[in-house]
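Trainee: Sequence:
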Amino acid sequence: MSFALRTAFASALFGLITASGAILLGCVALSTQLDTRSRTEIEGKRDLVLHALSEVPAIEDIGPDNHRFGDLLTGHGDLHLAVVRTDTGQVLASFSPLADQSLAALKDVQENSTGTWFSATGARLDSFKGTSRLRNGQEVRVYLSLDRERDAQLLRDFIRSTMAGLPVLLLIVALGSWIITKTGLAPLHRFHRLAASVGTQSLGHRVSSAGLPAELTELATEFNSMLERVHEGYQRLQEFSGDLAHEMRTPVSTLLGRSQVALSHTRTIAELREVIEGNVDELERLSRLISDMLFIARTERVDKPTAFQSVDLTLATQKVASYLAIVAEERNVSVEVHGNAEVMGDFLLLERAISNLLTNAIRHAYENTTIAINISTDERNVTLTVMNHGEAIADEHLKRIFDRFYRVDSARARMDGGNGLGLAIVRSIMISHGGSVSSFHRPIDETSFVLTFPIIDGRRQSPLPS
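Positions 1 to 466 (our numbering) are the ones given, in order, by the sequence shown.
Treat the hints loosely; a few may be bogus.
Stated by the list, open to error - Here are the in silico distance ranges between beta carbons for each label pair:
id: 1; residue 1: VAL91; residue 2: ALA29; range: 47 to 53 Å
id: 2; residue 1: ALA123; residue 2: LEU169; range: 31 to 37 Å
id: 3; residue 1: GLU43; residue 2: ALA164; range: 47 to 53 Å
id: 4; residue 1: GLN260; residue 2: THR221; range: 30 to 36 Å
id: 5; residue 1: GLY176; residue 2: GLU149; range: 37 to 43 Å
id: 6; residue 1: ASP71; residue 2: LEU154; range: 40 to 46 Å
id: 7; residue 1: ILE276; residue 2: ARG442; range: 35 to 41 Å
Quick caveat, the hints were computed from the structure, so don't treat them as lab data. Predicted model only: the values in this text are computed from it and were never measured. For every residue, glycine included, the Cβ atom is placed at its ideal position computed from N, Cα and C.
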């Protein structure tokens, strides 16, 4: 069942409940008003009858043909009067069969009070029973009844007419709700059309928020943001696939070419050994490339968050510096570590990030220079800065230096054994730690790489999804 149809049925059901309540309330209110009118009418006629009786000289002057009482009842077919002697119970005057029935029906009703009774046909009558004195002082009993059949018929007609019109009213409510809902949901067709048109070649499409109601404008914004994230992810996947194929093509082509050349002629054992040694070098490079890509993929996964613990950045940095001390000495470079701080993270991953930065700094530092690693803390962040003196990196390279497979100098990187993933690994590790990595340089050939760990809720750092 469509949403519009469900809304129409729900509106009709709600209308049925509301209308039923309104009809019930209307019946109660009408019945109360009719009762009040009946009471007022019978009280008025009672006063007139008692006044007429007070002017009658004697009991002998009371009879069915007495014009005084006839005038009172003329035009009031629902009024019934009977007059009885109080001492003997003799009926002096009775103007209708219902008046006769009232004598027995009201025998238990107290004097000068009202009561309700039902006739043999089931009609309801409101009555007054009381005594009155004639002009000569004699007492008579008065039975004045008001037939409520017209009131009952009016109430039945009200219920019948409202019940007859109720289905039509509910149908109008349901139809109106369906039309309103269909009209209100019309802007959602934009989402439907967009979802139907989105494919790998059309991820750039977006939902236009022009003319959308306020409730759907926010939905359109979030929907477009989702498409933007999907688009960016797909673009990164395409770039990754292309870069990976490009990077793997070179060693595979080298391996294939060397092997084909080696098999094209008869080779000596020494020549074959040389070919195999060259192939081993390419295979090792290919293995490192695959390992680094798997490492980045595992680091960027958010479905299995890492159990972080407190990590002493100073201790981790000093451990990495000690490990790379021999490499630094070969290039006549020294490493100094200053400051201390603790963050929440994975010790091995942070050690890998620091190692990649320090290795990169040693590789590109001038000889006889010092690489400074500064650890500091402010109100918001913990930072670890690796600074070296070396050839400056152009601004256009700084913007892309953390991209996968990006190399400032491809030829030099290949000679050094790099595959363009070292800094990309650093960025992935920092993202998994809720932090960031950045780089900048100064005119004095001073290049710095900065790891930033946010301080959240008074803690040094907590894991955040990438």
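Trainee: Does the Cβ pair VAL91, ALA29 satisfy 47 to 53 Å?
Mentor: Given about 40 Å between the Cβ atoms, the range is violated.
Trainee: Does the Cβ distance between GLN260 and THR221 fall inside 30 to 36 Å?
Mentor: Hint violated: Cβ distance 57 Å, outside 30 to 36 Å.
Trainee: Does the beta carbon distance between GLU43 and ALA164 stay inside 47 to 53 Å, or does it fall outside?
Mentor: Cβ of GLU43 to Cβ of ALA164: about 36 Å, so the range 47 to 53 Å is violated.
Trainee: Holds or violated: 31 to 37 Å for the Cβ distance of ALA123 and LEU169?
Mentor: holds, 32 Å
Trainee: Against the range 37 to 43 Å, how does the distance between the Cβ atoms of GLY176 and GLU149 compare: consistent or not?
Mentor: Since GLY176 and GLU149 have Cβ atoms about 40 Å apart, the given range 37 to 43 Å holds.
Trainee: Would you say the C-beta atoms of ILE276 and ARG442 sit inside 35 to 41 Å of each other?
Mentor: With a Cβ separation near 48 Å, ILE276 and ARG442 fall outside 35 to 41 Å, so the hint is violated.
Trainee: Does 40 to 46 Å hold as the CB distance between ASP71 and LEU154, or does it fail?
Mentor: violated, 27 Å
In this structure, the hints that do not hold are numbers 1, 3, 4, 6 and 7, in rising order.
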